[in-house]
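Respectively, the protein sequence lines represent chains A and B. FYI, my numbering numbers position 9 of the first sequence as 9, with every residue one higher than the one before it. FYI, my numbering numbers position 471 of the second sequence as 471, with every residue one higher than the one before it.
Calculated directly from the structure, the hints in this document are not laboratory data. The structure displayed is predicted, hence computed values, not measured ones. Beta carbons: idealized from backbone N, C-alpha and C, even for Gly. A few of these clues could be false.
Stated by the list, open to error - Simulated pairs of lysine to any residue, SDA-like, Cα-Cα distance not exceeding 20 Å: (1) K645(B) to W634(B); (2) K268(A) to A699(B); (3) K369(A) to I33(B).
What the hints assert, rightly or not - Per label pair, the in silico range of CB-to-CB distance: (4) R646(B) to R401(A): 47 to 55 Å; (5) T669(B) to G410(A): 20 to 28 Å; (6) I28(A) to E70(B): 55 to 63 Å; (7) L647(B) to V416(A): 30 to 38 Å.
The primary structure of each chain is shown beneath.
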Amino acid sequence: MWADRLAVLPVIVIGAWAVLLTVADLYIPEHRRRITAILAALGLIVGLVVNLFIQRHNPQTAYFGLAIADGFSSFLNVLFLLSGLLGIAVAHGYLQRQNIARSEYYSLLLFSISGMMLMGMAADLIIVFIALELLSIPLYVMAGFHRDRLDSEEAALKYFLLGAFAGGFVVYGIALIYGATGSTRIAAILSAVQSGSASPILLTVGAALILVGLGFKVAAVPFHMWTPDVYQGAPSSVTAFMAVGAKAAGFAALLRVFLLAFPTLSDKLVPLLWALAALTMIVGNIVAIVQSNIKRLLAYSSIAHAGYILMATVTLGQSRLMADAAAAALFYLLAYLLTNFGAWAVVIALEREEGKGLSIQDYAGLGKKYPALAAAMSVFMLSLIGVPPTVGFLGKFYLFRAVLEGGFVGLAVIGVLTSLVSAYYYLRVVVVMYMQEGEPVVNRDALLHWTAALSAIAVLALSLFATPLFQWATQATLYAAQ
Amino acid sequence: MLFGETTTTGPTFFALAPLVLLFPLLGLLINLIWGGRLPEKAIGGIASGAVGLTFGVAILQMLSLFSHPEGTVIPLVDWITIGELNISWGIQVDTLSVTMMLVVSGVGCLIHIYAIAYMHDDVRLNGDPARYRRFFVFFNLFILAMMTLVSADNYLMLFVGWEGVGLCSYLLIGFWYDKGKDGIGNALAGNKAFITNRIGDFGFLLAAFTMFGLFGSFDFDQVFGQVEQVAELLPTGILLITIFMLIGVTGKSAQLPLYVWLPDAMAGPTPVSALIHAATMVTAGVYLITRSHPLYAVVPQAQSLVAWVGTLTALFAATIAIAQFDIKKVLAYSTISQLGFMVAAVGMGAYVPGMFHLVTHAFFKALLFLSSGSVIQGVERGLHEVEHHHKGKHSAGHHLDPQDMRNMGGLRERMPTTFWVYLIGALALAGIMPLAGFWSKDEILLKASYKDVRLYTLLSIAAFFTAFYMARQIILVFFGKPRSEAAAYASESPKLITIPLIILAVLSVFGGALNLPGIHAFGHWLEHTVHHVPGVKGGVELPEFSLQVAAISTGIALLAIILGWLIYARWGETLQKEKKPYVDPLELTAKPIFSVLTNKYWVDELYWALLVNPYKAFSRWLAEQVDWRFWHDWLHDAVLVNGFKRLTVLLAQPIDLGIIDGIANGLATLIQGGAAYLRRFQTGYVRNYALAVFFGVVAIMSYLIFVLR
Chain A
1 MWADRLAVLP
11 VIVIGAWAVL
21 LTVADLYIPE
31 HRRRITAILA
41 ALGLIVGLVV
51 NLFIQRHNPQ
61 TAYFGLAIAD
71 GFSSFLNVLF
81 LLSGLLGIAV
91 AHGYLQRQNI
101 ARSEYYSLLL
111 FSISGMMLMG
121 MAADLIIVFI
131 ALELLSIPLY
141 VMAGFHRDRL
151 DSEEAALKYF
161 LLGAFAGGFV
171 VYGIALIYGA
181 TGSTRIAAIL
191 SAVQSGSASP
201 ILLTVGAALI
211 LVGLGFKVAA
221 VPFHMWTPDV
231 YQGAPSSVTA
241 FMAVGAKAAG
251 FAALLRVFLL
261 AFPTLSDKLV
271 PLLWALAALT
281 MIVGNIVAIV
291 QSNIKRLLAY
301 SSIAHAGYIL
311 MATVTLGQSR
321 LMADAAAAAL
331 FYLLAYLLTN
341 FGAWAVVIAL
351 EREEGKGLSI
361 QDYAGLGKKY
371 PALAAAMSVF
381 MLSLIGVPPT
391 VGFLGKFYLF
401 RAVLEGGFVG
411 LAVIGVLTSL
421 VSAYYYLRVV
431 VVMYMQEGEP
441 VVNRDALLHW
451 TAALSAIAVL
461 ALSLFATPLF
471 QWATQATLYA
481 AQ
Chain B
1 MLFGETTTTG
11 PTFFALAPLV
21 LLFPLLGLLI
31 NLIWGGRLPE
41 KAIGGIASGA
51 VGLTFGVAIL
61 QMLSLFSHPE
71 GTVIPLVDWI
81 TIGELNISWG
91 IQVDTLSVTM
101 MLVVSGVGCL
111 IHIYAIAYMH
121 DDVRLNGDPA
131 RYRRFFVFFN
141 LFILAMMTLV
151 SADNYLMLFV
161 GWEGVGLCSY
171 LLIGFWYDKG
181 KDGIGNALAG
191 NKAFITNRIG
201 DFGFLLAAFT
211 MFGLFGSFDF
221 DQVFGQVEQV
231 AELLPTGILL
241 ITIFMLIGVT
251 GKSAQLPLYV
261 WLPDAMAGPT
271 PVSALIHAAT
281 MVTAGVYLIT
291 RSHPLYAVVP
301 QAQSLVAWVG
311 TLTALFAATI
321 AIAQFDIKKV
331 LAYSTISQLG
341 FMVAAVGMGA
351 YVPGMFHLVT
361 HAFFKALLFL
371 SSGSVIQGVE
381 RGLHEVEHHH
391 KGKHSAGHHL
401 DPQDMRNMGG
411 LRERMPTTFW
421 VYLIGALALA
431 GIMPLAGFWS
441 KDEILLKASY
451 KDVRLYTLLS
461 IAAFFTAFYM
471 ARQIILVFFG
481 KPRSEAAAYA
491 SESPKLITIP
501 LIILAVLSVF
511 GGALNLPGIH
521 AFGHWLEHTV
531 HHVPGVKGGV
541 ELPEFSLQVA
551 AISTGIALLA
561 IILGWLIYAR
571 WGETLQKEKK
581 PYVDPLELTA
591 KPIFSVLTNK
601 YWVDELYWAL
611 LVNPYKAFSR
621 WLAEQVDWRF
631 WHDWLHDAVL
641 VNGFKRLTVL
651 LAQPIDLGII
661 DGIANGLATL
671 IQGGAAYLRR
681 FQTGYVRNYA
691 LAVFFGVVAI
701 MSYLIFVLR
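Turn these sequences into a full structure, and let the hints steer you where they fit.
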């Protein structure tokens, strides 16, 4: 029993910390809200340390195979905890400026992170669903955190309704799979499929329905429609966190469930995944071109990047390649985390009350007046395009390599062409910053500026030392619980 | 404990080796980020402290090597892994690299401290105090790059450091990039150094590529381990590598024919000349050859080529130094000459004497450069004094060059400390027993005496000239009567400047103790790393003292000094009474030879005539004739444009407009239109969004029905 608890200790730590933080917050005076933020960050750091210490090479199952702690989950834990830390860094000053500094924000953040971490460890479809709800419900609340403003409320309601709708598909899919194989354990599903005792029709339809639900979470086309509205309406700090954390969690489940449980269905599922990835890349990148609001621009960019990461799943069934593709996806997520948080830090630095300062035109003259901030933003834009020497380039490099080795030349070509299209709208931000005159207004928020600066340095520096990082991701292979 | 002694027990601090990179990095980052708000003392203190801590780490490495002389490699990261190619980066800790670390950080620390005071005045004299911080950031960056160079465990990282020091050199030569002749003189000097070094670096790269082709690796261990196999299979391959490497060395260590950048590099502030262009960076070539000695050991042809390049450089530069009037230019040519001694030594396989001379030279040449800086600032203070307190009395002081030795004289009384340390440095350089330079130069001459009598003769002549130009410089600067108002009112430098000078002077006196004949502490220390010398089994060659060689070299030096004294002190004094502007006595007696030397054999002009001008002419021809007249005027305008115009006339206009424009605009409208079309689906209604999800599900299900059937 203790071994079980030890295996899932990072989740326990974060969950328990969130509960304690909610209680402790009652005794922290109104004007000392900073303490809550610091305590929350401390919890995440404790989680990181714990995760580092119990990191193991041998996978460890817990609670009768419901959860599993392996390299994959501990890599993702680092990812989630980092996004939590960066999420706090970009939120603290922002919430005060927007007059929505209520301290339950941090507890909700921690709850959502515990759900994400559980998602990375899930070895049973039921746990996948529980984790999905655990990470989503705090996010619904956080999206509506600016409850005085109509668009924030609208975002929360839309996200909630559509999330519930998509959640229904997941549950239905799980039920069908249970019907087909008699189990919800990933390992048991696999052995049932291999022994031939499972009904292929039920199984395939179930898998497709789970794909729909998770596709909604990662914002894949055509389940992406909520993304721009929610990203725009939600407070920016929430959007930044959601764009990385929720997406990574969705991909965690997608990779683990599909690559482990359904490799035998590859002939039916791969064309589906192929089409989903291609469609997502095309629609995300093309619609982004006409956006004039930076939050909507980044929302479509986030859709487009989901398309790139989805490419990793088309290696389904090619056992030699799957590990590499999963590693490439993990690396891409890490690159996206750094780049995206950096870009959002700049966005938040320019955002003013009443949603002003969010038009791309508001960035005019930034290069002259705030050269460091503009330089950082340029780095993030280049990394999102995938230009060397940024970490975004290497993310694309590893992904395209895995896809090409799998023989999907067409998909790789679509990926390259769409990232060419993406250069148009990312570079437009750079052009506006440097080549147009303007008087941009930037908030004085040291934490934000540090986040942007450090992210920019990391984006550049990690591209030079990407090999160790990629090796770490490669070691984070997937295991099915026995 | 003596250097050579080894014990089997004792603590090791090898694990701390990466700190030699971390400390300078921290120093430069702190000054880069917060330096703007710090006072000057703090900036200089942080930078010096960082180098001081680096020195401490190097000392710990030395102590560890006493008990574990075989050294180790501390792995840092796997830098690049692509397919079979794997380049990892580790810190090489052995007696050779630690020697370099000690010299770089030890001498570097003293020069940093000196620069705290020197740059305080320098930035004010040049009228931009804001550049104080920039100087120390660049200086720490240099230490970082130099440490990367000497601590690398493979040729690729060594090259990273090699390029890094080149960059810092460029940045610091052009530190006052808006000053100098016509306002761009310093910038041009920086360009010259950088471009000349690029030629050398090209040689280094060729060496590295050839090496990778032959050995499949850049790692020292792996390359040296395979030398014997490869040498049997493909001896010319190794010959190519060593010769390409020599090209790199001639660039970085200012040897013939690529030495031309170093004299111009004196445009940088004096601490830069001392640290980069005398004590450390320029010796990187000597280090490279010593490090690569297993390669050179199997190709005697390359070795003798190295020895000849070094010897000729030593002699050639020493003759030029005789006829220079700029105090720093004399030292610059002296540096080239002394580097020639070192290169000649390592070319003869005398790695220990070569490295020994590198160490002692770092002491006394840094001392000389820093003292010359003290002299220059002393004269500048005198100039200031004259302008402010004796207005109208003397107006010629305005355009007086504070570096020209013709404007000095008699500074011995005005600047006593500087005089004494300068004298020590000059005697050490001239090779007067028992100062440091004597012992190291003597070992090189000793080796040459039984290796090749021609080399020995040429090097001895170079040693004669060395003593002569140093005697000339000392007399011109410090003896006689002041030859300008500024020199008459010069004043001694502050403590922060003189204390590092005194420490370096002490090192220049006692540095020879490192490798006294008979004990050979330094030799025994290095033989743990350098042990592939042909003809010598199981260790490096440790030449025994030869009274004959020592007596000859001392006699030569003394003779040169006496000659210098007679010419410049006796004869020069009498001449000076007659003529107002100072004329060199040699100029009067042997004008043609002297002007050849003053003009540095017109090598710069030769390079311009042979290489630079033809290259420029060729570029101009390409630009004006080929590109503009042929390509643009004729091909583009006449052929293409006119042809196209005719084509458009031939083809009907509707087709032209319809197709060509249609495609160009059509693509743009298509994407824009597609985007606008797709955007229309974004209605904002939840019901529509849910419908989209539903359609997606229906599409997937229809597909599945199709395949599952």
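Cross-check of the supplied hints:
1. K645(B) to W634(B): 15 Å, holds
2. K268(A) to A699(B): It holds: about 14 Å lies between the C-alpha atoms, which stays within 20 Å.
3. K369(A) to I33(B): 19 Å, holds
4. R646(B) to R401(A): 47 to 55 Å: 49 Å, holds
5. T669(B) to G410(A): 20 to 28 Å: Once the Cβ atoms are compared, 26 Å apart, the range 20 to 28 Å for G410(A) and T669(B) holds.
6. I28(A) to E70(B): 55 to 63 Å: Distance hint for I28(A), E70(B) holds at roughly 59 Å.
7. L647(B) to V416(A): 30 to 38 Å: At roughly 34 Å between Cβ atoms, V416(A) and L647(B) fall inside 30 to 38 Å, so the hint holds.
Of the hints listed earlier, there is not a single one the structure fails to meet.
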